[in-house]
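Model the full assembly from the supplied sequences, consistent with the hints where possible.
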Amino acid sequence: MPNVIEVENVSKRFNTYENRDTGLFSSFRRKKKVVRALDGVSFSIKRGEIVALLGRNGSGKSTMIKTITGILHPDSGKVSVLGLDPWRDRQKIAMDIGVVFGATHPQLYWNLPPIDTFEYVRDVYGVSQKDYNERLKFFIELLDISKVYKKQTRQLSLGERMKCEMVAALLHFPKFVVMDEPTIGVDLPARMGIKKAVRELRKRYGMTFLITTHVVDDISMADRIVMLEKGKKIFDGKPDRLKSTFSRYIILEVRFIDGESGKGFETRGRVISSEPGHVKLGILPSMLKEEWLRKLITSDKVADYRINEPGLSSILARFYSSRDHRSKSADVDADE
Amino acid sequence: MLTSRFAKYRALFRISFKDMLTWGWETVLSSFMLMLYAVIAIVVWIAIYSFTGVKSINGVDLTSTIIYFAIISALMPFLTWSAMVNKLSDDIRSGSIGSSLIRPMPYYLKLFFEDISSSVFNLAVSIAVILLVIFLGRLTPDAYVSAMFIFYFIIGFLIAELLGFIIGSLAIYLTDIYGIMVSVNWMITIIGGGMIPIVFFPAFIEKVLLLTPFPFLAFVPAATLSGVIGIGEAFSLAPVGLAWLAALAVVAYAMWAKLKTRINAVGI
Numbered sequence: 001m002p003n004v005i006e007v008e009n010v011s012k013r014f015n016t017y018e019n020r021d022t023g024l025f026s027s028f029r030r031k032k033k034v035v036r037a038l039d040g041v042s043f044s045i046k047r048g049e050i051v052a053l054l055g056r057n058g059s060g061k062s063t064m065i066k067t068i069t070g071i072l073h074p075d076s077g078k079v080s081v082l083g084l085d086p087w088r089d090r091q092k093i094a095m096d097i098g099v100v101f102g103a104t105h106p107q108l109y110w111n112l113p114p115i116d117t118f119e120y121v122r123d124v125y126g127v128s129q130k131d132y133n134e135r136l137k138f139f140i141e142l143l144d145i146s147k148v149y150k151k152q153t154r155q156l157s158l159g160e161r162m163k164c165e166m167v168a169a170l171l172h173f174p175k176f177v178v179m180d181e182p183t184i185g186v187d188l189p190a191r192m193g194i195k196k197a198v199r200e201l202r203k204r205y206g207m208t209f210l211i212t213t214h215v216v217d218d219i220s221m222a223d224r225i226v227m228l229e230k231g232k233k234i235f236d237g238k239p240d241r242l243k244s245t246f247s248r249y250i251i252l253e254v255r256f257i258d259g260e261s262g263k264g265f266e267t268r269g270r271v272i273s274s275e276p277g278h279v280k281l282g283i284l285p286s287m288l289k290e291e292w293l294r295k296l297i298t299s300d301k302v303a304d305y306r307i308n309e310p311g312l313s314s315i316l317a318r319f320y321s322s323r324d325h326r327s328k329s330a331d332v333d334a335d336e
Numbered sequence: 001m002l003t004s005r006f007a008k009y010r011a012l013f014r015i016s017f018k019d020m021l022t023w024g025w026e027t028v029l030s031s032f033m034l035m036l037y038a039v040i041a042i043v044v045w046i047a048i049y050s051f052t053g054v055k056s057i058n059g060v061d062l063t064s065t066i067i068y069f070a071i072i073s074a075l076m077p078f079l080t081w082s083a084m085v086n087k088l089s090d091d092i093r094s095g096s097i098g099s100s101l102i103r104p105m106p107y108y109l110k111l112f113f114e115d116i117s118s119s120v121f122n123l124a125v126s127i128a129v130i131l132l133v134i135f136l137g138r139l140t141p142d143a144y145v146s147a148m149f150i151f152y153f154i155i156g157f158l159i160a161e162l163l164g165f166i167i168g169s170l171a172i173y174l175t176d177i178y179g180i181m182v183s184v185n186w187m188i189t190i191i192g193g194g195m196i197p198i199v200f201f202p203a204f205i206e207k208v209l210l211l212t213p214f215p216f217l218a219f220v221p222a223a224t225l226s227g228v229i230g231i232g233e234a235f236s237l238a239p240v241g242l243a244w245l246a247a248l249a250v251v252a253y254a255m256w257a258k259l260k261t262r263i264n265a266v267g268i
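In the order they appear, the protein sequences are chains Y and U.
The first sequence: position 11 = 11 (the numbering used here), numbered continuously.
The second sequence: position 135 = 135 (the numbering used here), numbered continuously.
One or more hints might be untrue.
[To be verified] Within a straight-line C-alpha distance of at most 25 Å, the following computed BS3-like cross-link-like pairs (lysine-lysine) qualify:
(1) K151/Y / K258/U
(2) K150/Y / K260/U
(3) K18/U / K150/Y
(4) K260/U / K137/Y
(5) K258/U / K92/Y
(6) K92/Y / K8/U
(7) K207/U / K92/Y
(8) K207/U / K175/Y
(9) K32/Y / K110/U
[What the hints assert, rightly or not] Some, not all, of what chain Y presents toward chain U, calculated at C-beta under 7 Å:
(10) Q91
(11) Q107
(12) D116
Treat the hints as calculated values from the structure; they're not laboratory data.
Beta carbons: idealized from backbone N, C-alpha and C, even for Gly.
Pasting the structure below:
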């Protein structure tokens, strides 16, 4: 399958300013900080792939998608979207890209019903009336917006708005779709509707998706995950591999009779928590010996036990907190 | 190809106009409030003529002055300020400029067509007031004067749009451009002929002021139609107006080129 997106060694820096102190004239004594929003990021996306772009706030996700959509120009490196430079050929590429910016930068006209924005999009992208009618019918059914798309946008709930934002971004049937946190603040039914629509559009029309999200549940719709941290790519692979890469431990939870505290467990793995009658242990799979486990669970001191593979959200939470401890600043300080 | 290109802008015009109509009363009120300003100027000048007892100032009598300001009242809502300033500076600061840049049309043309559509109401009011002034003031503009007035009306509108774009673009350097907006409004009012017809200034100052772009937003079109300046003088100002149009277009383009590279992910 040909690549729809090629990102090669892309870097982007921004200037930010920090007050040196809190004095009356602190605004005039600012310190310039050059932030490396992207630092040599490379990846590619094949046609028909759904890729989740993960990362914490400030990790470079938004900068990345704005670079891919031609809004930002990279300082160095190369970005190619459908074979074109998105910054130089922004208007040409815009015909084949659909962008959902989430709730922060809506595309729907706030005082008008979404149907007005849909018709505007139809004319801007030169969609024929016949195609428009068919596509609108398709989206109305797929996203269940029949009761909302003629109401004023400002009267819609966030979930309803997000679904309509999606229609406005996709009515021209783009080849490549970028969604920036499309499910943030959206309730479960609406989120499921959006996920269903993404899968259906890929299946029916071969659309390619790049989705940034903080909602771990959204990752389930992705074929691949690209993870950024402080502007650098730290992971690129299938969701399953994320687990094996960042979670080497299996969680063993044991409840004891008579307030036993699991003495000697620290030799088996990392004690996550320990209190009278309960211990939680992170064990490397190689350390989980069958014989030891059998002895443990048949012991008359053990009331109950549980072995868990950590979920994606706990893997990410643990990963982020471990990065915080050993983070090296990617910022380059310079006096203003 | 041309039809589909035009369809984009027609669609933009249509939706912006519909959007503007949702603010119907605000649009009507702001338009009339700007006209009220010119009415105040008329009252002030009636007081000045009657208090000083002069029949004319630099050859302009009270009737011509009243007609001049009646025309100014029609031009003020349309020419003096472009809504582009607020839209552009807000888009830059909030980062929502990205939502516009993903569309297959140049951003500056998007702003221009949005502004035109939101000015349609003001244009209709301006035309109605001008026709009323021509009727009540018993003006009989010939074809040359009418053509010259329309020419300066268009030049004035384009200069207002370009100034709006340039000032709005300053948001990439400044946190708040309100102070600059107020200053430019005052320049239009004082040295652009919005409060004092430029011919009332001493000849030297008049000549200097007519070399700036501000008179083209108020004085030049109003003075041409009201007869405060003759057709010959009006015609001689055309190269200055066109030169300013070209110069401002170059500056606006340079600002846009700079702005494009300074946009960041979350706004400036």
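Report task. Would you settle whether the hint for Q91/Y is holds or violated, based on the nearest Cβ-Cβ distance to chain U being less than 7 Å? Result -> Holds. Min distance 5 Å.
Query raised in the report: Going straight from one Cα to the other, do K258/U and K92/Y come out at no more than 25 Å?
Result: holds (21 Å)
Query raised in the report: Hey, does the D116/Y contact hint survive, CB to chain U under 7 Å?
Result: holds (6 Å)
Query raised in the report: Between K32/Y and K110/U, does the CA-CA distance stay at or below 25 Å?
Result: violated (34 Å)
Query raised in the report: Hey, K92/Y versus K8/U, does the alpha-carbon distance stay inside 25 Å?
Result: holds (14 Å)
Query raised in the report: Quick one, are K150/Y and K260/U close enough, alpha carbons at most 25 Å?
Result: violated (35 Å)
**Report entry** Proposed proximity, K92/Y with K207/U (alpha carbon, max 25 Å)
**Finding:** Measuring from Cα to Cα gives roughly 48 Å; hence the hint is violated.
Query - Straight-line alpha-carbon gap K260/U to K137/Y, limit 25 Å - result: Given pair K260/U, K137/Y is violated - Cα atoms ~37 Å apart, limit 25 Å.
Requested in this report: Verify the proposed pairing of K207/U with K175/Y, using a straight-line Cα cut of 25 Å.
Outcome: The hint is violated at about 59 Å.
Requested in this report: Measure nothing beyond the straight line between the CA atoms of K151/Y and K258/U; if it is 25 Å or shorter, mark the hint as holding.
Outcome: Violated - the C-alpha atoms of K258/U and K151/Y are around 40 Å apart, more than 25 Å.
**Report entry** Q107/Y as chain U interface residue, shortest Cβ-Cβ below 7 Å
**Finding:** Holds, because the Cβ-Cβ distance from Q107/Y to chain U comes to roughly 5 Å (cut-off 7 Å).
Report task. Mind checking the alpha carbons of K18/U and K150/Y for me, to see if they're no more than 25 Å apart? Result -> Status holds; Cα separation ~14 Å.
Violation of the numbered hints given earlier is confined to hints 1, 2, 4, 7, 8 and 9; the remaining hints are satisfied by the structure.
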